[in-house]
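S.K.: So the chains spell out like this:
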Amino acid sequence: MRRVENKVLLDIKNLKKYYPVRRGLFYKTVGWIKAVDDVSFFLSEGETLGLVGESGCGKTTLAKTILRLIEPDEGSIYFAGKDLTKLPLNRMRALRKDLQIIFQNPFNSLDPRFTVLRIIREGLLNFIPKKNGKEIIALSKKILKDVGLPKDSIDRYPHEFSGGQRQRISIARSLILNPKLLVLDEPVSSLDVSIQAQVLNLLHALQREFNLTYLFITHDLRVIEYISDKIAVMYLGKIVEIADTSQLYGHPVHPYTEALLSALPTLDPKEKKKRIILKGYPPSPINPPSGCRFHTRCIYAQKKCEVEEPKLILRDSRMVACHFPL
Amino acid sequence: MENILEIKNLHTYFYTEDLIIKAVEGLSLSVKKGEVLGLVGESACGKTVTAHSVMRLIQPPGKIVKGQILFEGEDLLKLSQDNMRRLRGKTISIIFQEPWAALNPLYTIGFQIVETIKIHKNDITKRKLRHLALELLRKVGISQPEIMALSCSPKLLIADEPTSSLDVTIQAQIMDLFAQLIQEAKFTLILITHNLALCSQIANRVAIMYAGKIVELATIEEIFACPLHPYTQALFSSISQKESKEKKLKAIEGTVPDASSKPKGCHFHPRCPLKKEICINSYPEFIEIKPQHWVSCFMVRPS
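Listed in order, the protein sequences are those of chains A and B. Here the first sequence is numbered in this note's numbering, starting from 994 and rising by one per residue. Here the second sequence is numbered in this note's numbering, starting from 262 and rising by one per residue.
Hints listed in this document are in silico derivations from the structure and should not be mistaken for laboratory results. Wrong hints could be hidden among the right ones.
[Stated by the list, open to error] For each label pair, taking beta carbons as the anchor points, the in silico distance ranges come out as:
no., chain 1, residue 1, chain 2, residue 2, range
1, A, 1017, B, 391, 28 to 38 angstroms
2, B, 387, A, 1306, 32 to 42 angstroms
3, B, 487, A, 1198, 46 to 56 angstroms
4, B, 387, A, 1007, 50 to 60 angstroms
5, B, 388, A, 1280, 50 to 60 angstroms
6, B, 425, A, 1279, 20 to 30 angstroms
Ideal placement from N, C-alpha and C gives every residue a C-beta, glycine not left out.
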């Protein structure tokens, strides 16, 4: 097991991001999309938190809000003790060096007209302007080696690389700034399985080497099981369960987590596991169901679930938001 | 069991200005009547091109250069355009990969479902059409493009990554639906996917594709219990599994070769841990190692 220090690096408290829905002639606000609705969790140094949920549940909005690429409406984001939401923009900008993000699609997150050197040194020029050209090149070459790319890639363009290699370039671009927290937004979802494994191994190795903290966002339950120390499950803007990875996979407590895990196809054709097929689609986040947001699709739902919204509370060393946990 | 579809030595190439992309190169595959065959491979291995070749949907600069595609004994490649059109959508049907792109946003769902029926049955009344569309919709429960492909009760259905752009819970719904429809309608299904685990749920046999060719073919139980080709083995081990939790994932080194410049010999040799001299120079024949289990690898030979 990786040594996990207990020092909290990121502490999110009651974070909210609502988008107005405007209609009609006067562009009147008729409703709110509650993309991130009262989310709280913390992340210790050197740890990986997997954030899992279906498309449209607010994973990416949450990630961007944490980095203040989207301004939060309410709540606080403590990073190394400082509340990011209260920082003036110039000080936030200086801090961005420590908070880096890697995007899903390496085909449009790299500028096609920039050489690899120009791509990865851009952060350096922004944050550490005193370095001279030779130092920058030496550092870039070292980082490229760290992420497993050949030295001569420095003068080449993104189109000369495959998807997996491009994702390595994105990783190099973030790592060169020596960040503390890396937000990975579906970093391997667009890659083939054999390449996924390469990139996941790399991320694992880099985490140990540089003592990185990861917030790993994905919809892929297999990937997240491999990489995460603990997992947060999100549904319609809310976190419904947070638990250690082995705990969560061994015994999910929230009915939605149970359904997600049971929907996962097994690799053994002989194993006929009990599958819970959820009826219907996730409801619209514009007017989410009353009470527990999951009650419309939950097979265990009772009267209370329609009326009263369950709070995320501690239950047997894990957090769960359900009136009738399994 | 008799074969409904036999693909023999299929070559489908794409001609660009300066290169020839050999997307499918010498592919042979038999599909038994009534079975679910999983066709598995990574992106750009030629899965979709194979499917489109069977449907004869290959457009220039692509061309089917060589081979035979026998459907119930008749070579589809020899059919006239008109005769092919009569078959397409009626007897052989396809579900395309992207449900967002496969449906025309300008037409109602009802129109798009009955479009195929109208083409194939001239004497049907409007009221009957509407009734049929409603019934089909009820059957699938939702407005997925699956129904368009099923509207004429085809004998062979090709589903090209039908669930890969969907969430897991929706994916489970669709797979369940497929299993149910196969029971009711008794058609043959070719399920194209990159997800081995998905096959384990409904497929009877699995064909593994690499760089334009089938490299392994076996029953579902066999391939999961004892994968023989080094590529298949690598595919299994690169999917994270519970027991590999603290270990490194076994990644396959290198990348899928470019279809315009495939390595000589066995196309997998640059990434293969077992390669020998012979693998670099010649391509291994596809042989039946044990009953029902075919492999194309020099290192796997019957004992």
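S.K.: For each hint, tell me whether it holds in the structure or not.
M.R.: Now for the hints, and whether the structure bears them out:
no. : hint                                  : in the structure
1   : A/1017 with B/391: 28 to 38 angstroms : holds (34 angstroms)
2   : B/387 with A/1306: 32 to 42 angstroms : violated (58 angstroms)
3   : B/487 with A/1198: 46 to 56 angstroms : violated (32 angstroms)
4   : B/387 with A/1007: 50 to 60 angstroms : holds (57 angstroms)
5   : B/388 with A/1280: 50 to 60 angstroms : violated (37 angstroms)
6   : B/425 with A/1279: 20 to 30 angstroms : holds (28 angstroms)
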